[in-house]
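Participant: These are the residues of each chain, in order.
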Amino acid sequence: AQSVAQPEDQVNVAEGNPLTVKCTYSVSGNPYLFWYVQYPNRGLQFLLKYITGDNLVKGSYGFEAEFNKSQTSFHLKKPSALVSDSALYFCAVRDYRDSSYKLIFGSGTRLLVRP
Amino acid sequence: GAGVSQTPSNKVTEKGKYVELRCDPISGHTALYWYRQSLGQGPEFLIYFQGTGAADDSGLPNDRFFAVRPEGSVSTLKIQRTERGDSAVYLCASSLTASTGGTLNTEAFFGQGTRLTVV
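Order-wise, the sequence lines are chains W and G. Oh and the first sequence: position 82 is 82 in my numbering, straight run, nothing missing. Heads up, my numbering is the position in the second sequence plus 1000, with the first residue counted as 1.
Derived from the structure by calculation, the hints contain no laboratory data. We put the beta carbon where it would ideally sit given N, CA and C, even for glycine. Check each hint, because a few of them may be wrong.
[As the list claims (entries may be wrong)] On the chain G side, residues computed to face chain W include the following (Cβ under 8 angstroms):
no. : residue
1   : D1063
2   : A1108
3   : G1113
[As the list claims (entries may be wrong)] Coverage of chain W stretches by chain G, computed from C-beta distances (three or more under 8 angstroms per stretch; other residues unrestricted):
no. : stretch
4   : 30-43
5   : 76-87
Okay, chain G solo, but in the shape it has when bound (with noise of 0.2 angstroms):
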């Protein structure tokens, strides 16, 4: 696609439910970063993947939080028993490749996110 793409744009769940988060990135971008932004706050940074290998998981908050990318395209987020405090925006990026030759010289793409709500 033209951009990276999330689903669902919105979900609302109950506390304590099962959550799935989509993520469909630019083709060929071969590393992809989910970000959690939080009402007033900068997005904070999760997980990286890159290829189908999670190669920097230190974001994630503890273990109910997990993210697959089995194929090196799409990427899915799993929340396991949400909280309440888990409710704000996940955002998903995308890009050529973190790093050629030593220096980072591509941007992350950014998609519009899903909002999770948690009641």
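Extracted from the complex, chain W is given alone in its bound form (with noise of 0.2 angstroms):
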């Protein structure tokens, strides 16, 4: 069975630092691995996905993340943090020989970022 875990439910740091949000995943066969993020009152907003290739993935508003599949990771990472990036971010999942395409999604960490 396929599930993702998100290790931590709140993640604080300060603006200007380096932020760090965990994500392991399980999954039978290839991987394919997404990054969301939700704002308060407004939908999940996708950030960046890993389907094959470079292991490190850039996305949106200067996020990246890793793909290492020893450790069955896809950390999402950022250099400087801004406090704008406080949210609620969501790692994803899908077994690329799953025919219903559906995303399996960890419970979520939310990101505090302080002025």
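With the hints as a guide, bring both chains together as one complex.
Facilitator: Pasting the structure below:
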């Protein structure tokens, strides 16, 4: 069965410092991996995805994520956090062999960037 | 429209009543998904449409839940005999196509959701 774990309910970081939001996954085959962000009273917004190729993927708003197959991880990173990055972040996975194309989401990590 | 539109944005209903939630996907998107997000949780898959047909409804929790997409565009999620445990935010998403050439190369775009409260 596919699953995603986001071990931290909340991550606190000071503005200007680097941030990392952790994600590990479990799938039977090769994974497709995604990060979404959710601001208050707004829908999920796509940040970035890993399908194949370079393990370091770059996305919107200066975010990037590194796919690590041996550690089954896909941590979200940003070199310098902004207060406006404060939001709820979701990691999601899809097994490429799953014909339904559905995403399995983690429980989310709240990022709080203090001024 | 510019994005995925869901109506109503909020719905309060009494236990036992019937509700319909509507999703208007991005024009031209053939794939449509419904998810349910409970408080403090990530979205959980309910059902996936490719065109007019429900290609995967394995996430529907029981037979009180049903969804249609008769013309391959707008979809309606229907819940009969609502229970307090059905209270959640129901999210709809669409994408151009679920797969091209065997790989998933388009991401899903989500609507703002319908917050359903069963009292």
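Participant: Next, verify each hint and record whether it holds.
Facilitator: Quick rundown of the hints versus the structure:
1. Interface hint at D1063/G: violated, since its Cβ lies 19 angstroms from the closest Cβ of chain W, which is beyond the 8 angstroms cut-off.
2. Here the hint on A1108/G is kept, as its CB sits about 7 angstroms from the closest CB of chain W, short of 8 angstroms.
3. Look at G1113/G: its Cβ gets to within about 6 angstroms of chain W, closer than 8 angstroms, so that hint holds up.
4. With 6 residues having a beta carbon nearer than 8 angstroms to a beta carbon of chain G, the stretch 30-43 of chain W meets the requirement of three or more and the stated coverage holds.
5. By the rule of at least three residues with a Cβ nearer than 8 angstroms to a Cβ of chain G, the coverage given for the stretch 76-87 of chain W is violated, with 0 such residues.
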